[in-house]
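2 protein chains.
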Amino acid sequence: MTSHPMETQGQWKMTVWEEENFQGKRCEFHLECPNIMERGFQRIRSIKVENGPWVGFEYPEFQGQQFILEKGDYPRWEAWSGNSGYRTEHLLSFRSVKSANHSDSKITIYEADNFQGRKFEICDDYPSLQAMGWCSKEVSSMKVNSGAWVAYQYPGYRGYQYVLERDRHTGEYRNYNEFSTQAPTNQIQSIRRVQH
Amino acid sequence: MTSHPMETQGQWKMTVWEEENFQGKRCEFHLECPNIMERGFQRIRSIKVENGPWVGFEYPEFQGQQFILEKGDYPRWEAWSGNSGYRTEHLLSFRSVKSANHSDSKITIYEADNFQGRKFEICDDYPSLQAMGWCSKEVSSMKVNSGAWVAYQYPGYRGYQYVLERDRHTGEYRNYNEFSTQAPTNQIQSIRRVQH
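Protein chains in written order, with the numbering used here: chain Y, 1 to 196; chain F, 1 to 196.
Misleading hints may appear alongside valid ones.
[Stated by the list, open to error] Computed list of chain F residues with no C-beta within reach of chain Y, every gap over 12 angstroms:
{"#": "1", "residue": "N35"}
{"#": "2", "residue": "L69"}
{"#": "3", "residue": "R95"}
{"#": "4", "residue": "H102"}
{"#": "5", "residue": "R168"}
{"#": "6", "residue": "S190"}
{"#": "7", "residue": "R193"}
{"#": "8", "residue": "Q195"}
{"#": "9", "residue": "H196"}
[Unchecked claim] Covered by chain F, according to a simulated footprint, are these stretches of chain Y (three or more residues, beta-carbon under 8 angstroms):
{"#": "10", "region": "17 to 28"}
{"#": "11", "region": "34 to 47"}
{"#": "12", "region": "64 to 71"}
{"#": "13", "region": "184 to 194"}
[What the hints assert, rightly or not] Straight-line alpha carbon distances no greater than 27 angstroms define the calculated DSS-like cross-link-like pairs of lysine-lysine that follow:
{"#": "14", "chain 1": "F", "residue 1": "K137", "chain 2": "Y", "residue 2": "K137"}
{"#": "15", "chain 1": "F", "residue 1": "K106", "chain 2": "Y", "residue 2": "K106"}
{"#": "16", "chain 1": "Y", "residue 1": "K48", "chain 2": "F", "residue 2": "K13"}
{"#": "17", "chain 1": "Y", "residue 1": "K119", "chain 2": "F", "residue 2": "K143"}
{"#": "18", "chain 1": "F", "residue 1": "K98", "chain 2": "Y", "residue 2": "K25"}
{"#": "19", "chain 1": "F", "residue 1": "K98", "chain 2": "Y", "residue 2": "K137"}
{"#": "20", "chain 1": "F", "residue 1": "K48", "chain 2": "Y", "residue 2": "K98"}
{"#": "21", "chain 1": "F", "residue 1": "K13", "chain 2": "Y", "residue 2": "K13"}
{"#": "22", "chain 1": "Y", "residue 1": "K48", "chain 2": "F", "residue 2": "K119"}
{"#": "23", "chain 1": "Y", "residue 1": "K137", "chain 2": "F", "residue 2": "K119"}
{"#": "24", "chain 1": "F", "residue 1": "K25", "chain 2": "Y", "residue 2": "K137"}
It should be emphasised that the hints constitute simulated quantities derived from the structure, not laboratory data.
Here the structure is a predicted model, which is why all the values come from computation and not from measurement.
Glycine included, C-beta positions come from ideal geometry on N, C-alpha and C.
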C-alpha cells in the first residue's frame, strides 16, 4: 500500500507460523506482507515479534479487523485478538508501524464527526475514558498529533482495536469509517500509546 | 475477606445483570460480593461500572482467574475476559480496588523469586516488557510501591490477568503462586497501572 524507504529495512522483524506454539511452516518479515496466502500459508496461528510494532489485519491488503503486535510472543490467536465474540482466526496481512513513540505521543479525541463538539487532548494511556472524564461511550473523530495509538471498543483494552498513526491520513480520522475498513461502531472506551 | 471502613461506602458502584446487554435480573453493589449465587444469580453476563475500579474473580470467595473492571460498559463476557483460550464465562465474586492511583504508581519487577535477580522499577504502562528492555517472557516476583497494577500473560494486555495492589500482601508478591490463587505460569509480557 505504501512504499517504505530502504533504510528502514532491518529495524522491524517478525516471524509467523502456520500452527500454534511456533510449529509448522514459518516465514520471517521485515517490512510488510499484503497477503500471507501468496507465501503458501493457509493461515497464521502463532507469531513472534522480535522488533515492532506491527499491525495485523484480518483480510489481505490491510483490510478488516486490526490487531496491534508489539514485541513479544503470541503462541495462539487469542494472544492478539481482543474480540472473541466475533471469533475470527484470520490474520492474513500485516505491516510495520513507523510512527510509534511511547515517550512523546499526543492524540485529540472529538465528540462529533470532522473534529467538532467537545474535545480532549490525550498524552497518556487511559484504560477507561469515562473514568478520565469523557462523558460518553463514543468517540466520533480523532486527530493524531504525534506517535501511534490504539483505541478499543471496551474498557481495559478489549474488543475491536483501531490503530491510529501520525503518518497515515496525516493523522486525521474524520469519522468512524476511517478508523478501519470495517469499524462496526464509534464505540471507544479505552485508548493507549503504541510502544516502539 | 477484608473489612472496609464505612466511609468508603458510596465511592464504588457497579451493577451486574444475569443476561447479555444489561438484560434480566440485576443487582447493584458498593463494596464487594463474595458469591453472586447467594443473591439468586446463576451467572453474570453483563456489567456496568459506574465508579471503579473493581476486580472480578472466576470463583466465589475471590478465587481463580482475575478480571480488572474499570469504569465503563461490559455488555458481554469477552469485554472483561482477555483469555478466550481457556473460555470461562464465570465471574462469581468481586470486590473494589482501593489503592489505584493512575498518576502516582510504582512497581518493581524481579527476575527471580523473593525479590532476587535482575530488577526493574516501573512507573508507566508497558504493553511490551520486552520492548522496554526486559530480556525475558517471565517475571518471578513483584513489589508494589504505590498504586494498583495489572500484569498480563501476553503483550498488549491479553491473556491471564493479575491485579497487584499496594494494600494487599503489603504489596509483596514473592512468587507466581501469590499473583493469584490459580496462576498457571510466571509468564508476564505486559503491565499497566489501574485507573481510578
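(Q) When the structure is checked against the list of hints, which entries are broken? Sort them ascending. (A) 2, 4, 6, 7, 8, 9, 10, 11, 14, 16, 17, 18, 20, 21, 23
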